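Peer 1: Chains as they are written, first to last, in the working numbering: chain A, 57 to 344; chain B, 64 to 247.
Honestly, the hints are just simulated from the structure, not real lab data.
Treat the hints with care, since some could be wrong.
[Claimed, not checked] One side only, chain A facing chain B, incomplete, derived with CB under 7 Å: (1) R59; (2) F60; (3) A61; (4) E63; (5) I92; (6) S158; (7) I161; (8) H247; (9) L249.
[Stated by the list, open to error] Not close to chain A: a few residues of chain B, all C-beta gaps over 12 Å, as computed: (10) E74; (11) H87; (12) L100; (13) L108; (14) S123; (15) C127; (16) E133; (17) G149; (18) H186; (19) R202.
[Stated by the list, open to error] Keeping only pairs whose Cα atoms sit at most 20 Å apart, straight-line, the calculated SDA-like set for lysine to any residue is: (20) A:K109 <-> A:G195; (21) A:K109 <-> A:D135; (22) A:K109 <-> B:D135; (23) A:K109 <-> B:R122; (24) A:K109 <-> B:H88; (25) A:K109 <-> B:P70.
All of these numbers come straight from a predicted model, not from anything done at the bench.
The beta carbon of each residue, even a glycine, is placed where N, CA and C say it ideally should be.
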Amino acid sequence: MQRFAYERPTELRDAIALLAEHGEMARALSGGTDLIIRLRDRTISAGVVVDVKRVPELATGIRREGDRLVIGANTVMTDIAEDETIRSRFTALAEGALVVGSVQIRNRASLAGNICNASPAADTSPALLAFSAVVVVAGPDGTRRIPIDDWFVRSGVTTIRPGELVTAVELPMADVPVGSTHVRRTRRRGHDLASVTLAVAVPRDGPVTLSYGSVGPRPWVVTDSSGTLADANAPAEVRVATLERLFSSAAPSPTSMRASPEYRLAMLRVLGLRALETAHRRLAEAAA
Amino acid sequence: MSQPSLPIRVEVNGRGRSVEIAPHHTLLDVLRADLGLTGTKECCLVGECGACTVLVDDRSVDACLVLAAEMDGARITTVEGLAAGGELSPLQRAFLDTSAAQCGFCIPGQLVSAQALLDRVPHPSRAEVEDGLAGNYCRCGGYEQIFEAVLAAAADGRPVPQAALPRADIGDRSSTPDADVAPQ
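With the sequences and hints as input, model every part of the structure.
Peer 2: Spelled out as structure tokens, the structure:
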């Protein structure tokens, strides 16, 4: 392991000051399940690791604030997957969190870390996109709220600025029932990175939102306002035609070792159909 | 920029310890090299194999992915902490009874993960055991005996019917393997 200094600020302003002072040589540490690996294999270097787990503004916790659900930056996957509000109102996010790594990884990996790492295959991203999450960041110039669709740029790159820290992720609470699900394909059961990820949210009234990842440099979100996907009884061939149009941004890498582009695109359609069925069933159950 | 050492206080297997650690050392390094607790194994160092699994404040983690510095104030249980007063725990006894250990290298991690599962879900289904141990690889391929041991320990040593309980709707991973999607 490369050598670095370790800082553990207990004030947000101190954490931001450390990041500002050390610039690119500072790395924020939350769960560490990506960071420690990359510090060890030296794909990134750090002069100072800033452990943000004792900064109160980033504290673990899921709370309701008005019409939003606020997830503290350090909240780990286990807690997201077990939270009753997330399981019932944002089911796709609970399912995404539940398939991140293994139990050991989920006990440590934070939601903020997952989105900052910005892997195109990240399992929480499709749900966050489908639910129009907002990333709250704090920095030297104050607080910014970034819609999650404006957050992801490409693998490992987001629109966060130097010196900024994610403090929370917010989910707008819908005032109608929403059926949702997250599905994915992996090479093996259990612990694996996804070859395709997909989340869909079907609200009782309004357009269906669908998000998909691991088929390009970033996960994408699309909305179907035609009513086709919102129709619980639409035949599969009609749904497929709509899905094909919505998947137009999918451009899987031909050099990935996890799956060929042809396979990923074929599975995207399969997952889309499956996810729609599940989401419609859950919506019917929620509305019953 | 370099810090020579940091003092941390941790509770390891019920005993308070004060240790001077290097900032870049992991919990795994400190357990094995500084505290002499070599039951926790070093293997993949990328959080995939689970050989270094320990409990931190009752939750299982890969000790290779945690800095020792982060552990200041934490309560840690290693495989050495599972046996109480020189007596094997029921889980450890079940591993022996079912011959779950082949080469044995992965067993400390398997035991700690299984203990974490049983602490949370005292009577897991077969599927819950599989999910609970998905982060622990056995390179001998002895998964059947390991699952059997965990189910036996959960049943207090009584034989366990192998039929799994229905999986919960949320988080159903039965759709994951490729074989489920299309005929091969």
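Peer 1: The structure should be examined with respect to each hint, and the outcome stated for every one.
Peer 2: A quick look at each hint next to the structure:
At a threshold of 7 Å, the smallest CB-CB gap from R59 (chain A) to chain B is about 5 Å, leaving the interface hint in force. Checking F60 (chain A) against chain B by beta carbon gives a least distance of about 6 Å; that is within 7 Å, so the hint holds. The criterion of a C-beta within 7 Å of any C-beta in chain B is met by A61 (chain A), whose closest approach is roughly 5 Å, and the hint holds. The interface hint given for E63 (chain A) is violated, since its Cβ lies 9 Å from the closest Cβ of chain B, which is over the 7 Å cut-off.
Taking 7 Å as the C-beta contact cut-off toward chain B, the hint placing I92 (chain A) at the interface holds, the least distance being around 5 Å. At a threshold of 7 Å, the smallest CB-CB gap from S158 (chain A) to chain B is about 2 Å, leaving the interface hint in force. Residue-level restraint check for I161 (chain A) holds (minimum Cβ-Cβ distance to chain B is 6 Å; threshold 7 Å). A hinted interface residue such as H247 (chain A) counts as satisfied when its beta carbon comes closer than 7 Å to some beta carbon of chain B; here the least separation is about 5 Å, so the hint holds.
With its C-beta approaching chain B no nearer than about 10 Å, L249 (chain A) sits outside the 7 Å limit, and its interface hint is violated. At roughly 18 Å, the least C-beta separation between E74 (chain B) and chain A is larger than 12 Å, which holds for a residue marked as non-interface. With 12 Å as the threshold on Cβ separation, the claim that H87 (chain B) sits away from chain A is violated: the shortest Cβ distance comes to roughly 5 Å. Every beta carbon of chain A lies more than 12 Å from that of L100 (chain B), the smallest distance being close to 18 Å; the non-interface claim holds.
At the 12 Å boundary, the C-beta of L108 (chain B) falls inside the reach of chain A, the nearest C-beta of that chain being 6 Å off. Non-interface call for S123 (chain B) relative to chain A: violated, since the shortest CB-CB distance, roughly 5 Å, does not exceed 12 Å. Distance check for C127 (chain B) against chain A: the nearest CB is about 8 Å away, which does not clear 12 Å, and the non-interface claim fails. Distance to chain A contradicts E133 (chain B) as a non-interface residue, since its nearest Cβ pair spans about 6 Å, not more than 12 Å.
Against the 12 Å criterion, G149 (chain B) stays outside the reach of chain A, whose nearest CB is about 28 Å from its own CB. Every Cβ of chain A is farther than 12 Å from the Cβ of H186 (chain B); the closest lies at roughly 17 Å, confirming the non-interface assignment. For R202 (chain B), the requirement that its beta carbon stay farther than 12 Å from each beta carbon of chain A is met, with the minimum near 15 Å. This hinted pair checks out: K109 (chain A) and G195 (chain A) have alpha carbons roughly 17 Å apart, not beyond 20 Å.
Note on K109 (chain A) and D135 (chain A): the hinted pairing holds, with a Cα-Cα distance of about 15 Å set against a maximum of 20 Å. Distance hint between K109 (chain A) and D135 (chain B) is fulfilled; the C-alpha atoms sit about 12 Å from each other, no more than 20 Å. Of the supplied pair hints, the one linking K109 (chain A) and R122 (chain B) holds, its CA atoms being roughly 16 Å apart against a limit of 20 Å. Taken as a hint, the K109 (chain A) and H88 (chain B) pair is honoured in the structure, with Cα atoms around 18 Å apart against an allowance of 20 Å.
Taken as a hint, the K109 (chain A) and P70 (chain B) pair is honoured in the structure, with Cα atoms around 18 Å apart against an allowance of 20 Å.
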